[in-house]
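*Asks:* Chain by chain, the residues:
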Amino acid sequence: MPPLDETPAQKPRHKPSRAPRTAMPERDALERARDFDEVSLGYSEEQALAEANRCIQCKNPTCIEGCPVNIDIKSFIARIIDGDYAGGVSVLKERNALPAVCGRVCPQEEQCEASCVLARKGEPIAIGRLERWLGDFDLACDLEHRCAPEVGEPTGKRVAVVGSGPAGLACAGELRRFGHAVTIFESLHAPGGVLTYGIPEFRLPKAIVQAEIEMLGVMGAELVTDIVVGATHTLDELLAEEGFDAVFVGSGAGLPLFLGIPGENLNGVYSANEFLTRVNLMKAYEFPSYDTPVWRGRKVAVVGGGNVAMDAARTAKRLGAEEVFLVYRRSEEEMPARREEVHHARQEGIEFKMLCSPQEIVGHDGWVTGMVATRMELGEPDASGRRAPVCVMDSDFVIDCDTVIVALGTRSNPLISQTTPDLEVTSRGYIATDENGATNKPGVFAGGDIVTGSATVILAMGAGKKAARAIDSWLGGAARG
Amino acid sequence: MFPIVYQRQLSDSVFEMGVQAPAIARKAKAGQFLMLRVDEHGERIPLTFSDWSAEEGWIRFIFMRVGKTTHQLSHLVAGDSLADVVGPLGVPTHVEGVGRVAIVGGGVGAAVAYPVARAMAEAGNEVTVILGARNKELLILEDEFRALPLKQLIVMTDDGSAGEKGLVTAPLKSLCEAGALDHSMAIGPAIMMKFCAATTKEFGVPITVSLNPIMVDGTGMCGACRVSVDGHTKFGCVDGPDFDGHAVDFEELMSRQRVYSDLEREADADFSRECSCHR
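In order, the protein sequence lines correspond to chains U and Y.
When the letters of the first sequence are read in order and numbered with the working numbering, they come out as residues 84 to 564.
When the letters of the second sequence are read in order and numbered with the working numbering, they come out as residues 77 to 355.
Check the hints yourself; a few may be wrong.
[Claimed, not checked] Only part of the chain Y face toward chain U is listed, based on derived beta-carbon distances under 8 Å: (1) Glu119; (2) Thr145; (3) Asp156; (4) Leu165; (5) Pro289; (6) Val292; (7) Thr295; (8) Cys298; (9) Thr309; (10) Val314; (11) Ala343.
[As the list claims (entries may be wrong)] Simulated DEER-style distance windows between Cβ atoms: (12) U/Glu463 - Y/Gln333: 39 to 49 Å; (13) U/Glu405 - Y/Ser129: 47 to 57 Å; (14) U/Pro237 - Y/Ser129: 30 to 40 Å; (15) U/Arg101 - Y/Asp346: 53 to 63 Å; (16) U/Ala471 - Y/Pro98: 48 to 58 Å; (17) U/Arg429 - Y/Gln85: 36 to 46 Å; (18) U/Phe480 - Y/Ser129: 58 to 68 Å.
Calculated directly from the structure, the hints in this document are not laboratory data.
Built from N, CA and C at the ideal position, the CB exists for glycine as well.
Next up, chain Y with everything else stripped away, as it sits in the complex (with noise of 0.2 Å):
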């Protein structure tokens, strides 16, 4: 079991988590991520690390209250335990001699975002951070992205409650022209990754992407994460999580996300009727 020693609510929706896991914690590095299983009944989801302390021996996740398994996640507190962590797992992100680099982090990819950013800011990169949200209740690690020695944060919302109005594919085009990046990276929604892409590719911008297919055991072992890139079927967990943008079929990836999403539903709902009862 790992007992859970942290939780916070950072939005309606989304929830931060640390876990007492300290192997893991030892050998955790941006980029990477961890599977979970709540219980004994769960299933096995991958979580990309937030956060970490390898003197502390914890570790942090932060989710969004999508289905069944992160809707149970959300009612644990510190003193609550999980049955099941595992990690570091996927290659790190490669942070050395990047030089200029954008990172978008939209939505809950921004906790993903954090440590990349963090990791490419002490490898000495000149780093800008563009985050991005639908509004300002949705926008996550402001703060902790302000204390990181950045060259610039840019904060967008798609209806201008904090930051600027607009995608962040406006600023990250603005850098590409201004050809101040050699490279640039994206996390977030597929459709966020895709256009990210799109943007950067007209400029000859290189871009890594943080894919987030399903999974079931994040070893290798099932083939259930696998992305086309460049032509190629490659597997998020032991090929990734980190992909060349400008190569990945993201209608395929988006189309595979999708794959159990009326299943989901139905365990959700099931889910919530329950706990409404009992709690």
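Chain U with its partners taken away, still in its complex shape (with noise of 0.2 Å):
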């Protein structure tokens, strides 16, 4: 992408507006607390125009730095500025295939907007909100109309994308650019991973994900559902026998982590993941028109400080609670939430319990009535940096509760690597790779979650990227982009 610079000399010079960063539209906390509607309504075209206006257009952009995916931001918001919303898509696409997804879910206030000059006078251009709004513009339109990204020549290769979350699809994505044939396996009934079965739907609407993986079947990657591969099909099997040429292994996050204390098998006791995997991909908040059942607690403890016990914690909210509490057992500081998904918990009535740590699930008849939680004071730093919660003697008290929520995190899951004895794993049983995605195992590739464990969409989305390229060259392809 030519950076702006080069715009002919003709044109008038952008002269940056000191307007404040513009807000984004959302929707009332008590309102939208009690359905699974967008709560961010998204920029009207006056405040994207505005938004972009902001931007001065730095001869040496350090926001591209901070992109995992260096998405060319100066010129899309240049494009913006001029009202040339299609290019600004593309150059979206040049980098990133989903941007009405990214745009929503990506933690910009640590990369893109971080990186921002105008950061520094502590309001940074609102980059994901630029970038949202050009991805619902380009989803707006007619399919035929929507930027599509130019798929290659066909190269004759076959590559196995293992995974339709955001790794296998940002690789597949790019595959299809190299030219080479894409065939997405995807072991549940619908795709998009964790975009589809963790991610709430207030935070990022089904509909959304569906319509960003329908552009990967216009550049002509093929998707398969109901496949697991490391069950249906080996690694292996698919080299050996389906006729694939390489594989990328995207398999995303493994078994959920539980806290390993008593009582955590009574029932109402839930992982995140099956909480929301219920809600999300099951759509338990329609039952019984959808047949999936999901138990409904008055009072609801969720354990967990990241964006996944937010997500929980706000569903549960919605499902009827009259009570969550989030229960963590640092200080606020120290929680690796996103600001702004604890800003919206906290508005829709989320009861923060900080420096709480659990010891203990307690119940009657097998079910759950309340959590015992010690409290903690913060102590040195530990090898994370953050620091280190310790027990305050005596400080046991019991949270009342009938629904506790686990969102720990998850570690790596076993059905690819048991099944492919030969492929190397970490001693977490994490898939190993170098530094491209590559595994010791000729023509295998992996990245995103079954690589780094837990982390963010765009990470994930980064390594599908890289590994294309890898496999590329791995295919004999010219090295390219």
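Given two chains presented individually in distinct reference frames, assemble the corresponding complex, making use of the accompanying hints.
*Replies:* Now the structure itself:
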């Protein structure tokens, strides 16, 4: 993508506005906490223009460095300023196949927006909101008028992509641009991975996810659901019998972690994965119109401090919980969740119980009736650089609750490694790769959570794209892009 | 979509169904299970294979009509299709070098016991099968078992309407007492597996049980299927479904199996009302 400095000279010079950062229109907290419709409404065209015009179009933009997939942010904002919205979408799609998704769920405040020159004054350009606006602009068009990235001349090579989450989708899109035939294998009945089963409708509408995935179909990628690689087909079968020249494994997050405390298998205790999968993928919030049930607790304790914990807490609220507690053993400052998610959760009435460490889940007749927790205080910084929580003696207390949702992250899924004995894995069971995503097994590449453990959508997408380039080299293509 | 190629009713509430699913049929092994979804609004339920043919590309499973999903399934016939069938999942039953083994199949559990007994016999073990049911009408697959090269087939019913009158634990205990077993296996309702485990424990005969906890994805992602084995939490879908019966916490399993029973009754009642006016 050419830098904007090459814009024809006759164009009037862009004069950045000095207006404050344009706020994101949101639905009222009390109203939205009762349904699953989207919380953030997105910019209007006017708001998008106002925000784009704040961009000073730096000669040497630093924002691009902050993006894990190096979107040419300066150029796409310039296109918005010029009113060339379709052009802006093209710039985004050069680097990111899922702008309407990433515009919603990327932690921009730690990435591009943190690197924005204006961030020093505390008001960076709302890059994520502009990305979302362009992504939505594209999705609002008919399929034939949407921006379809150009696909390469057919190379005659076939690549299997395992998993249709962020890593697999990004990898598949990139492989199509190189001209390789792609088949994506999804173990569930619907594609999207965590975008579909994990992130709630009110934060990422499933229609948006499906529409973005539809574009990959237009680009010629084939999607096959209901295939569990590691069970229905092994990696070796894909390579030897099914005729694939290479495989990318982006099978995602694995088995949910539990606390390892007494009472954890009582009825009413969920992993966040199960709770969210029931509600998001299986649409349990529409039971009995949809057949999958979910236990709707009145008093719900969610354990954890990440984005998944926020999603679970806000989902519980929407299912009708009177009280939802977020139980975290450090303080709010150490919580890994995005500030925006924390803010939204608070607005919706989630009660934060910080510096509390669960000790036991207590129950009656097989069902949860409460959780015993110990108060904590912060000590010296630990290996993660965060101050380590230390128990306060004799401070146990009981949180009255009928549901506990454990959101502590995941460990690796064993299905592929168990059936591929010569595939090297780390001591924690994640697939070992080099920096480009190549495993020790010829023709097998991997990326995303199955390599790094739980991370973000955009990091998984970055890994998928990087692996696609490595696959292209492996298949004998020129190193492109 | 997965076409249904075969359907038969085995008793008032028990049905057998065959589905064309070549990729799954090629890989299925005794003791493994599949996940299925009837339609776009359906839930995902696990069912264990009762039979399959790699050559002809079909798989079969047996189910009892207990809730809305199995009720819906029971109305489908050859020519209809299922939205989703996924598998084979779970660790296959260990069949090599087991020796003298008794396999107890209780109720619909007989469906799962059938391929296990077949695989055990094919692997050269000396296999005794104990089939149990409440009455003759609920006894399934007796002829199929008779066609297997078993050492013995013992049939038990609660009311004596077929085979001997009594519980499956009676012959199991006799075999243990006679020192005739190196291993045992129980597949059926949790309460039956619990008593089989207690029976064999007394004699130090190892027992494998095939558990049927609630699942959502069936691939390790959700943890709905967790069971306590020897005080450790295991996932039924990826660590099982077979576990050491002497180490399983059956009370917990039974309690967890009932977690949605009220909601399930409600859904099935709604469905039954709908379906009686449409049919």
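*Asks:* Let me make sure I understand: some of the numbered hints might not hold for this structure. Which ones are they, in numerical order?
*Replies:* Those not satisfied are hints 3, 5, 17.
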